[in-house]
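Participant: Sequence:
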Amino acid sequence: MSSTSEDCKESAPRWPRARRFFSSSRASKMASVGDNARPPTWSMGILNDKHTVEVPGSVLLLASHRNEPLGLRNLSARTSHSSMPTGFAVDVPANPDAARDQADQKTTSDGTIILDPQPEESANDPLNWPSWRRDTALLSLGFYCMIGGGITPLIAAGFTDVARDYNVSVETVSLTTGLYMMGLGLGSVLASPTAILWGKRPVYLASAIIFIATCLWAAWSPSFSSLLAARVFQGLAISPVECLPSATIAEIFFLHERAYRIGIYTLLLLGGKNLVPLISAAIIGRLGWPWVFWIVAMVVGLGFVLLFLFVPETFWDRTPTRRISKRPGMLRGISSRLTLPHGAASRRNSISRSECAASGQEQVSKAGEAPPMPGADTGASCTPIRRHVGFVDRPSVDGVDVAGQSHEHVDGSRDRRSLPDAQAAAEDGDGDGDGDVEKASLQSGAANSEAYTHTLRHMPAQTFVQQLKPYHGRLNKDKWLKVMLRPFVLFAYPAVLWAAAVYACSIGWLIVISETMAIIYRDPHSYNFSALQTGLVYVSPFVGGILGTGVAGKASDVVVRIMSRRNGGLYEPEFRLVMTLPVLLTTVMGLMGFGWSAQEQDAWIVPTLFFGILSFGCSLGSTTSITFCVDSYRQYAGEALVTLNFSKNVLHGLVFSLFVADWMATDGPRRVFMWLGIIQLLLLVTTVPLYIFGKRARMWTARKNLMEKL
Numbered sequence: 001m002s003s004t005s006e007d008c009k010e011s012a013p014r015w016p017r018a019r020r021f022f023s024s025s026r027a028s029k030m031a032s033v034g035d036n037a038r039p040p041t042w043s044m045g046i047l048n049d050k051h052t053v054e055v056p057g058s059v060l061l062l063a064s065h066r067n068e069p070l071g072l073r074n075l076s077a078r079t080s081h082s083s084m085p086t087g088f089a090v091d092v093p094a095n096p097d098a099a100r101d102q103a104d105q106k107t108t109s110d111g112t113i114i115l116d117p118q119p120e121e122s123a124n125d126p127l128n129w130p131s132w133r134r135d136t137a138l139l140s141l142g143f144y145c146m147i148g149g150g151i152t153p154l155i156a157a158g159f160t161d162v163a164r165d166y167n168v169s170v171e172t173v174s175l176t177t178g179l180y181m182m183g184l185g186l187g188s189v190l191a192s193p194t195a196i197l198w199g200k201r202p203v204y205l206a207s208a209i210i211f212i213a214t215c216l217w218a219a220w221s222p223s224f225s226s227l228l229a230a231r232v233f234q235g236l237a238i239s240p241v242e243c244l245p246s247a248t249i250a251e252i253f254f255l256h257e258r259a260y261r262i263g264i265y266t267l268l269l270l271g272g273k274n275l276v277p278l279i280s281a282a283i284i285g286r287l288g289w290p291w292v293f294w295i296v297a298m299v300v301g302l303g304f305v306l307l308f309l310f311v312p313e314t315f316w317d318r319t320p321t322r323r324i325s326k327r328p329g330m331l332r333g334i335s336s337r338l339t340l341p342h343g344a345a346s347r348r349n350s351i352s353r354s355e356c357a358a359s360g361q362e363q364v365s366k367a368g369e370a371p372p373m374p375g376a377d378t379g380a381s382c383t384p385i386r387r388h389v390g391f392v393d394r395p396s397v398d399g400v401d402v403a404g405q406s407h408e409h410v411d412g413s414r415d416r417r418s419l420p421d422a423q424a425a426a427e428d429g430d431g432d433g434d435g436d437v438e439k440a441s442l443q444s445g446a447a448n449s450e451a452y453t454h455t456l457r458h459m460p461a462q463t464f465v466q467q468l469k470p471y472h473g474r475l476n477k478d479k480w481l482k483v484m485l486r487p488f489v490l491f492a493y494p495a496v497l498w499a500a501a502v503y504a505c506s507i508g509w510l511i512v513i514s515e516t517m518a519i520i521y522r523d524p525h526s527y528n529f530s531a532l533q534t535g536l537v538y539v540s541p542f543v544g545g546i547l548g549t550g551v552a553g554k555a556s557d558v559v560v561r562i563m564s565r566r567n568g569g570l571y572e573p574e575f576r577l578v579m580t581l582p583v584l585l586t587t588v589m590g591l592m593g594f595g596w597s598a599q600e601q602d603a604w605i606v607p608t609l610f611f612g613i614l615s616f617g618c619s620l621g622s623t624t625s626i627t628f629c630v631d632s633y634r635q636y637a638g639e640a641l642v643t644l645n646f647s648k649n650v651l652h653g654l655v656f657s658l659f660v661a662d663w664m665a666t667d668g669p670r671r672v673f674m675w676l677g678i679i680q681l682l683l684l685v686t687t688v689p690l691y692i693f694g695k696r697a698r699m700w701t702a703r704k705n706l707m708e709k710l
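Residue 1 is where the sequence shown starts when you use full-length UniProt numbering, and the numbers rise one by one after that.
Just so you know, these hints were derived from the structure itself, not from any lab.
Since this is a predicted model, take the numbers as computed values, not measurements.
Hints should not be assumed to be uniformly reliable.
Restraint-style ranges between C-beta atoms, simulated for each label pair [what the hints assert, rightly or not]:
#1 A665 <-> T686: 18 to 24 Å
#2 S226 <-> G668: 29 to 35 Å
#3 L468 <-> V558: 44 to 50 Å
#4 A282 <-> D667: 31 to 37 Å
In silico BS3-like links for lysine-lysine, alpha-carbon gap of 30 Å or less [what the hints assert, rightly or not]:
#5 K709 <-> K479
#6 K477 <-> K704
#7 K479 <-> K50
#8 K477 <-> K709
#9 K469 <-> K479
#10 K704 <-> K469
#11 K709 <-> K50
For every residue, glycine included, the Cβ atom is placed at its ideal position computed from N, Cα and C.
Full structure from sequences and hints, please.
Facilitator: Right, dumping it as structure tokens:
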């Protein structure tokens, strides 16, 4: 941030009531211990919390190009593990000057990027695997995800054939999609906690085996009821492709490598949703719809072989160890909130341990209580604590090969970070004994995961055959039911609730169209398409989806950078919501245009083009909802992805499949899709109050601490 008032004036918002969250003068005032100034009411149209400037999810973009998450001291410690590494159990200094010397950290071969997370001195650490091996695991898993992603509309082009063979209506056949999505949603809820407790490899392998079995079941189904049951279990089997690969990628790739790899995974998953129906349409037209399941079973068999050979268990316990302080304020870390000023001065200047000890005043606010104003006089000015947060990038250079990472100046032990103050307190032996309780709790929760990692850490490099072991026992002692229920608690978080609704609709509208494809395109009184011609319609949404995925990330990053710069360098997750405007325009246009043109029987290219526009907008919407949700609650990213997928599959996919086909048969596509467009419009209008009150809502959820009360 600039230190001159002229710079502050030039970058001030144009509207009168909105003010920059930090000017240099305001930051210095907030850094002053005795200043009682409250946070500004508005910041870029966002209402700030009345009592604190430190809200979880906000990130201060420092001049040193490091991202400093704010409000971490207002978070509570997790009480269970997550499928996605979040790094929230780590305590490290808040200011770059107090961080561990960079010479002690491993970097890429050219020394330009500090590796995050830091790999250990063990050949069995997944981060130390050769690049080709990690990429092979990614592509093998991506191939399986591409197949799984395309199973939802697998027989959409053959609905009329299925209806004829089982003597049911075409509208009834749409249940094969809805019930499949129900299984997909329930499967995510079951697969995620199972993978957390027993590892991802056995879940992937079991998924592929059950997938093959359900394909054979569907191909042999003697009745329509049997086919429906097969589709439900098929959804249960495939569910890991939606909730686990992101966590696998986070475990085998460094932070600066993940974005590109997650992009590959997303492209394969979404590409399968449009490519597989196209191929299945050709098979249906030539061999009949049962052969679709026969061929899919063969392809999944190949996928199982790839998973078995090239996707070993990727779990590695990276919870840093440190000396446990008996002082409650330092002990509880995230679960306790230190009421120390968090201004620019305290972020940039390291205060010695002796000065902190001399002050002797460290106020602690327990979880669930409203934190004091940052300007309140604490009687001390100790260095605040910074915790590492997943998804926050250090300056990086894409495409750097880390296979030749530097190991100089690194000891052979596990990466151990300690807090000077906590260490001093432990040495002095002062405290009230709470540290022993906390230490016991931490050790109990990590006993199994530590034992598994400890064994591998002291073993020679595993051979290829050793890595083929499908099961490694229980990795931690979390309660399965508790881990399973945590995603549902997130429905009480406004940001997650909004993201779940938008994500469900963004993907759900495409599924609704797939359920009505046969009714619109294969009707002899409209376009009278063959199964192959109907499948070729998916080329349009495939192209639209690729363009939407590419534009979403780039455009969103540009908007975020501009708004953060005008906001004094402070990033708010609500800035992501600006992308909702193009989402609203394209999705509403696509839905209404598709239904209207299909009703009027315009040239086939017209509804097909609107289908592509809708796919473009849905890609923007899904990307926006995920990034906003993860940025708002990084520590619960793993659970949030399960929440979003459950909403998409069950609350939208299943519910709409129960009536949308009959509704279209009664009222026609124009009225149906006009109403769907209105629903989408009303949903996205809620973005406005969420943008305004979203920051206060984030602080409210931090104070209520609902997730850790489960």
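Participant: Could you say whether the range 29 to 35 Å given as a hint is met by the Cβ separation of S226 and G668?
Facilitator: 33 Å, holds
Participant: Quickly compare the C-alpha distance for K709 and K479 to 30 Å and report which way the hint goes.
Facilitator: Status holds; Cα separation ~14 Å.
Participant: Taking 30 Å as the top limit, are the C-alpha atoms of K479 and K50 close enough?
Facilitator: 37 Å, violated
Participant: Can you confirm whether the C-alpha distance between K469 and K479 stays at or below 30 Å?
Facilitator: 25 Å, holds
Participant: Can the suggested window of 18 to 24 Å be confirmed for the beta-carbon pair A665 and T686?
Facilitator: 31 Å, violated
Participant: Would the hint linking K477 and K704 be met if the CA-CA limit is 30 Å?
Facilitator: Distance of about 26 Å is within 30 Å: holds.
Participant: Mind checking the alpha carbons of K477 and K709 for me, to see if they're no more than 30 Å apart?
Facilitator: 18 Å, holds
Participant: Is K704 close enough to K469, meaning Cα to Cα at most 30 Å?
Facilitator: 43 Å, violated
Participant: Between K709 and K50, does the CA-CA distance stay at or below 30 Å?
Facilitator: 25 Å, holds
Participant: Do L468 and V558 keep their Cβ atoms within the hinted range of 44 to 50 Å?
Facilitator: 45 Å, holds
Participant: Just tell me: holds or violated, for the beta carbon distance of A282 and D667 against 31 to 37 Å?
Facilitator: Once the Cβ atoms are compared, 32 Å apart, the range 31 to 37 Å for D667 and A282 holds.
This entry does not satisfy hints 1, 7 and 10, going by the numbered hints stated previously.
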